[in-house]
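Input sequences plus hints: build the corresponding full structure.
Chains as they are written, first to last, in this note's numbering: chain A, 1 to 196; chain B, 1001 to 1537; chain C, 2001 to 2374.
It is possible that some hints are incorrect.
Which stretches of chain A does chain B cover? Using the computed rule of at least three CB atoms under 8 Å from a CB of chain B, they are [as the list claims (entries may be wrong)]:
1. 47–61
2. 134–144
Straight line, CA to CA, 25 Å or less: simulated DSS-like cross-link-like pairs of lysine-lysine [stated by the list, open to error]:
3. C:K2355 <-> B:K1171
4. B:K1473 <-> A:K142
5. C:K2355 <-> B:K1444
6. A:K62 <-> A:K41
7. B:K1268 <-> C:K2356
8. B:K1294 <-> B:K1063
9. B:K1110 <-> B:K1067
10. A:K127 <-> B:K1472
11. B:K1063 <-> B:K1116
12. C:K2303 <-> A:K31
13. C:K2355 <-> A:K39
14. A:K41 <-> B:K1454
15. B:K1473 <-> A:K62
16. A:K31 <-> C:K2356
17. C:K2355 <-> A:K31
18. A:K142 <-> A:K62
19. A:K35 <-> C:K2303
20. B:K1063 <-> B:K1107
21. B:K1508 <-> B:K1519
22. A:K62 <-> B:K1475
So the derived list for chain B, only partly shown, Cβ under 7 Å to chain C, looks like this [to be verified]:
23. P1064
24. G1347
25. A1393
It should be emphasised that the hints constitute simulated quantities derived from the structure, not laboratory data. Backbone N, C-alpha and C fix where the C-beta goes; we use that ideal spot for every residue, glycine too.
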Amino acid sequence: MEAFIENQFVRFVLLISTAVFLAYRLLLVSKYLCKEYLKQKSMVDRINSYLPQTQCGRCGYKGCLPYARAISQGDMINKCPPGGISTILNLVELLNEPGLRLNPAHGVFQPPLTAVIREEECIGCTKCIQACPVDAILGAPKLMHTVITDECTGCDLCIEPCPVDCIDLVLLPTSSPRYWLNPIIQNSRFNTLETN
Amino acid sequence: MRFAEKIIESLCVSTRQPMPGGIKPPDYKQETLRSRLMPTPIPEELILPLAQHGNSRSRPLVKPGDKVLKYQAIACSDVTGIVDLHAPTSGIVLAIENFPIPSPVDKESKCILLKKDGLDAEIDHNTLANYRSLSYLELIKLIEQAGIFGLGGAEYPSRLKLKSGKNKKIKLLIINAVECEPYITADEALLREKAQFVVQGAEILQAACMAEHCVIVIESNKADAIKALEQTQLNSSIELFKIAAKYPTGSEKQLIQAVTSKEVPSGKYPTDIGILMHNAGTAYAVYQAVIEGKPCISRITTLAGGSLKTPKNFEALIGTPIDYLLNLCGLNQQTHTMTLMGGPLMGVKLARTDVPILKTTNCIIAASEDKFPPASIELACIRCGFCADVCPASLLPQQLYLYAKCQNFSELISHGLNDCIECGACAYVCPSNIPLIQYYRASKDELASQLENKISSEQWKQRFQHHQYRVKKDKEARRDSKRRETIKPTELTLKISPPIFSREAAKKEIAAAVVRVRKRKAQFIASSGGENTETDK
Amino acid sequence: MTSSPQSPPFQRTRRSTNNIMLQVVAGCIPGISIATWYFGYGVLLNVLLSIVFALCFEALAISLRSRHIQTTLADNSALVTAVLFGLTIPPGLPWWLLFLGIGFAILIAKHIYGGLGQNPFNPAMCGYLFLLLSFPSAMTSWHIPNDALSSVQEFAPTSLSGLQQSLHLTFPFLSHNTLNPIEFIDGLAMATPLIESKMAGTSKLLTAWQTDQSLFARSSETAWELVNIGYFLGGAFLLFQRVISWHIPVAIITTVMTISILFYSPGGYAIYGTPYLHLFGSATMIGAFFIATDPVSAATTNKGKLVYGVIIGLSIYGVRAWGSYLDSIAIAVLLGNFLAPLLDHFLRPRIYGHKKGVLGPSDMGGGSNKVIDS
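This is how it looks when you write it as structure tokens:
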């Protein structure tokens, strides 16, 4: 047994096979990393994909893409109320920045909302149609206006221009109730970032 | 040996790869197998829910006050008009309104309340001597008219599964008689006594989906059922396949892997790899529907649990209230703590027991404290890895738990949360009593709503880009029209030719205009990349 | 909705965290008893004292974190940390050094990170290393009490006077002598048992068997081999009970064996000894079966465990042969703990229905469109 161990040839073979195995594994690893690197999209696009696309302007920019551009140039990530906590957390992970609470100057977290026009009071002035960033309001001058609920983002840009104040923001009815709550939310005494 | 092994050889390339992981819990099946299968006495009132299958709605074909006969069609699908509910007994329809249905929370749904008249009079139905005379389409029509849905638990409409045989070639039809979950003995009791009908039903299914081969798979420790099946093998082409008893081999994807060593690709269906699976109870219902002409009105349900004096299997009518069945088995109120619909590992804890049996109810467990202790408190995860050792889908439950706790959804998807079949094996072995399945279900719900959000935000982005394009075009149009007003209408007006009224020319103009608009819009979007051009409002 | 209905499964195995931890302690018992027989009551005293201090520190930490003390102590994790810590420190160590070490292990290496299940490093090894770096001379000398009447060759550490002397070594304030108390005890102070002469020689166990000596006589110097065999048996018990999985111990043992074969030279330096002595002549067995398999700080996927074991094995041999610490288990295990999260990220099993990824995780990009032919 000891003679076998002492044999230089055996040790040489063992060494070479280990080295070849490690080199092959390293080669696979580097190929994988190169492939992943080449699949990346531009930073602005990636930031924009985490924004909710409500185009509401509460962040101070006219639309979500300009805010994404600003973030890529160093702006704060906590200015988007419709994005919820998931936007902030995703941006934290993407940009490797510290997490922040939502800046209250830009609004508060809210459940999904949709605009509804009270049709008895509508005067057909088209001001809300011009204000809507996604053209979700159907109507024409002196004719009835109505909001297409599927297209409405809940951005509330139509509330202000309405001269008779006939638009309400209501909760979006959810499709099916969910029973299962994440136990960490159910059991936690401290709910630090989310207020739902 | 023989044919079954040859089928398997032809379908897979190398040595058989059994299901990884899995657990062997104590099965508690002996108590319910002691007695023979018995038809249930009919309760006074039957509650028949209309929306039985997922989100699909059914429309009642009767109104309150109507007299119905047994096997009469009483509801059909709102969308396709195919009949999906039949009266289990003759009687009078008392009401069609909201009643509580089986659910972990209080939930109500529209149901038909049927009061029996004691006569059990049947409607006329045809029997069929030889199913081979019918084409596969006619067989599928008979099956769908009988209201047969997957009785194994998923309740997928059987006709849709069978129709997929038309487009994709089905090489193997598997009849799933593997009842791996503890306490449930419904399929075993059925096979023990009615094996020949199940085999005939399997043959009908094979003809209906035009499968090349058909096997019945059963656990090797079900001795009586295997003996009954082997006696019927002598005059049938369907093979019997025995597998080792392990939970959750009976799950569709895992059974396909255990039998054929092939895996269903993530996000696809078994028909995409040429395999179709049906439950043994469904095969029996198909036999009854096609040969005896009786639509699906009952199913075998196991009633088990420590609080029952005589646990047994019943051939219960759909719509029988669960507390009626529990009382028939001698429910002991003192020891009864909760009622489960389904098995102990994947079942649902019922909020109330005066709810009806559905087409998918294969077991009711009246649990007592000794075998079903209350949930202990959740301790910290010690990263022991027992959960990963038993996961049948080769996931890492400890990592999924970690990411579900901190709600890191990208890592959850990367670790394969959508491939989790929620079998409960991981939570069964967890030494820290962590309710893993609850974490995964909550995370899947959250992921689903995030996906919805993503789809709608993509839609909003498109609309926003279109809105910007439209506003820009309007502005340019206004600017051009203003400029045109300042030019005097002199020589230009003389040069304008009179309008040609001709259909072809008009069509050509319209087509050219559409092409121009499309090109310009594409150019606009490509050049500015959605850049905000709203400078005035 | 503020609460969910109770989720399935409604039945569970009987095995729970406190059972598993107790089984780990039970697996240590053969090793502890053999070590006590050879090295005196100091070993047992260390273990018992560590347990007492660990439970006190755990209770303190839990009350500071406003959690329930009784539930947390009942999960026996502090017990296991204390036992493993007590086994790695030398007997005869003064009690206040033990106090500092176990305090560091429980408070800083475990509870600062979040308590059970959250510590990235093995707490017992952190405590040991803290003492080793801060009090090197105390930690590298073993004090084994003599029987006062017999000569040095036939020492009997487990007699009553041995117990008395062990107590005096651990609690120096018990002795009446106001001078240096160690001098009063006529003890045998030896360097850590992994001394070079042991490595250079052949197996003492084999020698004792061949010369018909009693295997358990203290003069035959079979101490360390028997202790390691004891831990090996305890580890086999744990494997049989399915408390630990085979990946880490097998990987460590195989790696140490392979690399000691590669570097074996009988005429050269003593540290390049035979593989048998590297495995059984030092603390490798307790490291492989009990210390490295601590589930919280080890890698958690099976492939990851194998690579983790390889890294630890290489480090054990490397630090021993070419580093300055002869007993390298603690350093090797901590090195493995550093790399464990990286191994978990890359070495994942292939999920059902997905193609095999290059580094382990499946290609989740668009899902797999091909049928898997196994």
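Now for the hints, and whether the structure bears them out:
1. 47–61: holds (count 5)
2. 134–144: With 3 residues close enough to chain B, the hint holds.
3. C:K2355 <-> B:K1171: Holds, at about 23 Å.
4. B:K1473 <-> A:K142: 23 Å, holds
5. C:K2355 <-> B:K1444: 22 Å, holds
6. A:K62 <-> A:K41: Holds: A:K62 and A:K41 sit about 23 Å apart, inside 25 Å.
7. B:K1268 <-> C:K2356: 17 Å, holds
8. B:K1294 <-> B:K1063: 23 Å, holds
9. B:K1110 <-> B:K1067: Holds - the C-alpha atoms of B:K1067 and B:K1110 are around 19 Å apart, at most 25 Å.
10. A:K127 <-> B:K1472: At roughly 17 Å apart (the allowed maximum being 25 Å), B:K1472 and A:K127 satisfy the hint.
11. B:K1063 <-> B:K1116: 16 Å, holds
12. C:K2303 <-> A:K31: 20 Å, holds
13. C:K2355 <-> A:K39: 19 Å, holds
14. A:K41 <-> B:K1454: 17 Å, holds
15. B:K1473 <-> A:K62: 19 Å, holds
16. A:K31 <-> C:K2356: Holds, at roughly 15 Å.
17. C:K2355 <-> A:K31: 17 Å, holds
18. A:K142 <-> A:K62: 29 Å, violated
19. A:K35 <-> C:K2303: Cα-Cα ~23 Å, so holds.
20. B:K1063 <-> B:K1107: Satisfied, since the Cα-Cα distance of roughly 23 Å is no more than 25 Å.
21. B:K1508 <-> B:K1519: Between B:K1508 and B:K1519 the Cα gap is close to 17 Å, so the pair holds against 25 Å.
22. A:K62 <-> B:K1475: Status holds; Cα separation ~18 Å.
23. P1064: 33 Å, violated
24. G1347: At about 6 Å, which falls below the 7 Å cut-off, the nearest Cβ of chain C leaves the hint on B:G1347 intact, so it holds.
25. A1393: Because about 4 Å separates B:A1393 from the closest Cβ in chain C, which is inside the 7 Å limit, the hint holds.
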